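J.: Chains as they are written, first to last, in our numbering: chain A, 9 to 394; chain B, 9 to 394.
Calculated from the structure, these hints are not laboratory results.
Here the structure is a predicted model, which is why all the values come from computation and not from measurement.
Wrong hints could be hidden among the right ones.
As the list makes no split between identical chains, a pair holds if one copy fits it or if it spans any two.
Said to hold, decoys possible - In the SDA-like style, the derived pairs of lysine to any residue whose C-alpha atoms are separated by at most 20 Å in a straight line are:
1) Lys77 to Phe12
2) Lys29 to Pro174
3) Lys346 to His369
4) Lys29 to Asp246
5) Lys32 to Phe12
6) Lys316 to Asp248
Number of protein chains: 2
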Amino acid sequence: MRSFTFNIPTKVVFGQGVIEKLGKEASKYGKKALLVYGKDSVKKYGTYDKVMDALKGAEIDVVEYSGVKANPVTSHAREGIKIAKEQGIEMVVAVGGGSVLDEAKSIAAGAVVDHDVWDFFDGTAPARKALPILTILTMPATGSEMNNGMVLTNDDTNVKNAAFSPAVYPKASFLDPEVTYTIPVKNTAFAVSDIMSHLLEGYFTTKESFIPIQDGYVEGLVKGVMQAMERVADNPEDFDGRAAIMWCASLAWNGLGNAGVRGANTPSHMLEHPLSALYDVAHGAGLSITTPAWLKAMKNEIPARIEKFAENIMGITEGTQEEKIDNAIAALEAWYKKVGTPTTLAEAGIENFDVDEVVKHALVLCKAWGLKNYDEESLKAIYAMC
Amino acid sequence: MRSFTFNIPTKVVFGQGVIEKLGKEASKYGKKALLVYGKDSVKKYGTYDKVMDALKGAEIDVVEYSGVKANPVTSHAREGIKIAKEQGIEMVVAVGGGSVLDEAKSIAAGAVVDHDVWDFFDGTAPARKALPILTILTMPATGSEMNNGMVLTNDDTNVKNAAFSPAVYPKASFLDPEVTYTIPVKNTAFAVSDIMSHLLEGYFTTKESFIPIQDGYVEGLVKGVMQAMERVADNPEDFDGRAAIMWCASLAWNGLGNAGVRGANTPSHMLEHPLSALYDVAHGAGLSITTPAWLKAMKNEIPARIEKFAENIMGITEGTQEEKIDNAIAALEAWYKKVGTPTTLAEAGIENFDVDEVVKHALVLCKAWGLKNYDEESLKAIYAMC
Numbered sequence: 009m010r011s012f013t014f015n016i017p018t019k020v021v022f023g024q025g026v027i028e029k030l031g032k033e034a035s036k037y038g039k040k041a042l043l044v045y046g047k048d049s050v051k052k053y054g055t056y057d058k059v060m061d062a063l064k065g066a067e068i069d070v071v072e073y074s075g076v077k078a079n080p081v082t083s084h085a086r087e088g089i090k091i092a093k094e095q096g097i098e099m100v101v102a103v104g105g106g107s108v109l110d111e112a113k114s115i116a117a118g119a120v121v122d123h124d125v126w127d128f129f130d131g132t133a134p135a136r137k138a139l140p141i142l143t144i145l146t147m148p149a150t151g152s153e154m155n156n157g158m159v160l161t162n163d164d165t166n167v168k169n170a171a172f173s174p175a176v177y178p179k180a181s182f183l184d185p186e187v188t189y190t191i192p193v194k195n196t197a198f199a200v201s202d203i204m205s206h207l208l209e210g211y212f213t214t215k216e217s218f219i220p221i222q223d224g225y226v227e228g229l230v231k232g233v234m235q236a237m238e239r240v241a242d243n244p245e246d247f248d249g250r251a252a253i254m255w256c257a258s259l260a261w262n263g264l265g266n267a268g269v270r271g272a273n274t275p276s277h278m279l280e281h282p283l284s285a286l287y288d289v290a291h292g293a294g295l296s297i298t299t300p301a302w303l304k305a306m307k308n309e310i311p312a313r314i315e316k317f318a319e320n321i322m323g324i325t326e327g328t329q330e331e332k333i334d335n336a337i338a339a340l341e342a343w344y345k346k347v348g349t350p351t352t353l354a355e356a357g358i359e360n361f362d363v364d365e366v367v368k369h370a371l372v373l374c375k376a377w378g379l380k381n382y383d384e385e386s387l388k389a390i391y392a393m394c
Numbered sequence: 009m010r011s012f013t014f015n016i017p018t019k020v021v022f023g024q025g026v027i028e029k030l031g032k033e034a035s036k037y038g039k040k041a042l043l044v045y046g047k048d049s050v051k052k053y054g055t056y057d058k059v060m061d062a063l064k065g066a067e068i069d070v071v072e073y074s075g076v077k078a079n080p081v082t083s084h085a086r087e088g089i090k091i092a093k094e095q096g097i098e099m100v101v102a103v104g105g106g107s108v109l110d111e112a113k114s115i116a117a118g119a120v121v122d123h124d125v126w127d128f129f130d131g132t133a134p135a136r137k138a139l140p141i142l143t144i145l146t147m148p149a150t151g152s153e154m155n156n157g158m159v160l161t162n163d164d165t166n167v168k169n170a171a172f173s174p175a176v177y178p179k180a181s182f183l184d185p186e187v188t189y190t191i192p193v194k195n196t197a198f199a200v201s202d203i204m205s206h207l208l209e210g211y212f213t214t215k216e217s218f219i220p221i222q223d224g225y226v227e228g229l230v231k232g233v234m235q236a237m238e239r240v241a242d243n244p245e246d247f248d249g250r251a252a253i254m255w256c257a258s259l260a261w262n263g264l265g266n267a268g269v270r271g272a273n274t275p276s277h278m279l280e281h282p283l284s285a286l287y288d289v290a291h292g293a294g295l296s297i298t299t300p301a302w303l304k305a306m307k308n309e310i311p312a313r314i315e316k317f318a319e320n321i322m323g324i325t326e327g328t329q330e331e332k333i334d335n336a337i338a339a340l341e342a343w344y345k346k347v348g349t350p351t352t353l354a355e356a357g358i359e360n361f362d363v364d365e366v367v368k369h370a371l372v373l374c375k376a377w378g379l380k381n382y383d384e385e386s387l388k389a390i391y392a393m394c
């Protein structure tokens, strides 16, 4: 195991009705909040009202800032930062999914510096401080509610980058599973695909020979979230199923799965980003396409890791190593299909697939993310299996 | 899943040689530290020197306070508090296992109040603040390095109590697996028995019908730490095995396994405490005696949970439910024996077992811990299987 530091200062407040506790928590950080959200769906399903009631009950002035996009952009973040500075905002309250949380983080960090927000993302200036951030999660998937990452797209250049800083850990995140009842089953399946990928990428790519605690963590959580997904597919208002998915999303990408795991990397995400950037496909749907293809390409590279996945997650213990691997990949594909997330470009409705453009995009990510074992030829071979 | 709040502010610094980072971290909290440790073993194996070098390198004045007992006592804590107050101590640095860490926490909390330290433990006065606490763990087992608990025995009355407070979370804990190479295999097995118990008690006692994430967490970590134990039994200086045990100890009792788990309780610990209090048996050794006996007594109470343990942890999938349960308990006993921790009072060398005295002690704990389903008769029946 390699060395690591684990330190998550975020307070997670989890359970039915927890949004009413927001006011007391927010009061610790001041009297004036910027409320960041996306579209009107938070109003439609009542979450907005609960948040406003909690903040008003604590006599906190609220300045609203809505319109965050699914892939949040610098221009919108800049406007939020301008408002935060002009209005003397003391804290940022984000209500939404990963996109809203990420832009809210960038606003919180941008509001306390003079330079442009993109400087955090292109490596010019790390975020060293930020306004306090509070989040109310409505769409569990990215783990932003319990981690120090934020992703923004520069809409001048169309470059999408991530930035990491201890300053943008939320002070507190409020997770009420009931808020997620209205997420359609299909979109829940996309989210679970993303959550599984967050857990499995490090598991598959590690160079460690013996990391039983991290392996056990990943195996246990992946099996658990798959069971929860099946329950929610049967009954979208199953509290325990929704709760399991919500909590697993936070645990999947908060650093615990990869703590001390040498070599952990994210090839499935690298392969997916061009798909969601160039075609109208959801990130999680893209991951359920790229993950099986990547596994097929890696059969001879990491047979022991895929065999471990077969045995300990997919429950496939019979046959030769190769049979177990093939059967596990097939079982994973069958499971994705069963819960409603695609496993091929065709199933995702992607026509006129431009492999050259996709590979060009992927190669940029390989360089940025330090994925050294991929070239044009090997990437084309993987996409051919999508 | 029931509601919960998860919030661990502790920074965990993990890996080979991390003690040298202690100085920089300690500098954040002042210039004068109380160094709390137990016996000379920390000197014998070099940890003391590493800690002193790190603190002196950061120009921190060190006041030493040694002599913490295996079950730390109020009289020794009081003396430490007196020194901390007289000397104007700004932080407490604990070097040792759970006992040292727990007493150090009580000193840190006691140094900032005027009342007696036992008031924290009998419920008179919760610990609302404390001096900053830094820990260097030499014996992984109790999880004190990443939790908010402390246990102390009142040596006026011989009552042993736990207290919990956010104020006593360590600011930072330094976990170097190499420091644990010198722990004998037998004592490591006792520690692993304790770690497994921390994970499994909530798993067995939960009233939840569907908690796949917490179940997966427990199953994965228990399987992982058992594998690590076997590696360390073969080679006590196996870094990855020692690292897995050390990290698992922290993860086993930091709240993650029981987060949202309704009904989680600690009957094996309740049954064990009288054994270590009245006989010369290590806590972990006592747990490997009481856990199988408790499971045998619970066969008809919680068959589904023990069957899940059989299938997902012990790998026993054949046979009727009753056969799986019996075989799993037998396999657990065989495993304990294999790694060198006892499964019966006789194996632990306990002679002249006074069941009446033990049950009297256990009933006090049942009342204090809210374990309502045990009476004199049922406790005697369990101890008869020990």
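J.: Evaluate each hint against the coordinates.
T.: Taking the hints in turn, this is what the structure says about them:
no., hint, verdict
1, Lys77 to Phe12, "neither (34 Å within a copy, 31 Å between copies)"
2, Lys29 to Pro174, "between (24 Å within a copy, 18 Å between copies)"
3, Lys346 to His369, "neither (30 Å within a copy, 54 Å between copies)"
4, Lys29 to Asp246, "neither (23 Å within a copy, 47 Å between copies)"
5, Lys32 to Phe12, "between (34 Å within a copy, 16 Å between copies)"
6, Lys316 to Asp248, "between (28 Å within a copy, 18 Å between copies)"
The structure is inconsistent with the numbered hints 1, 3, 4, although it conforms to all the rest.
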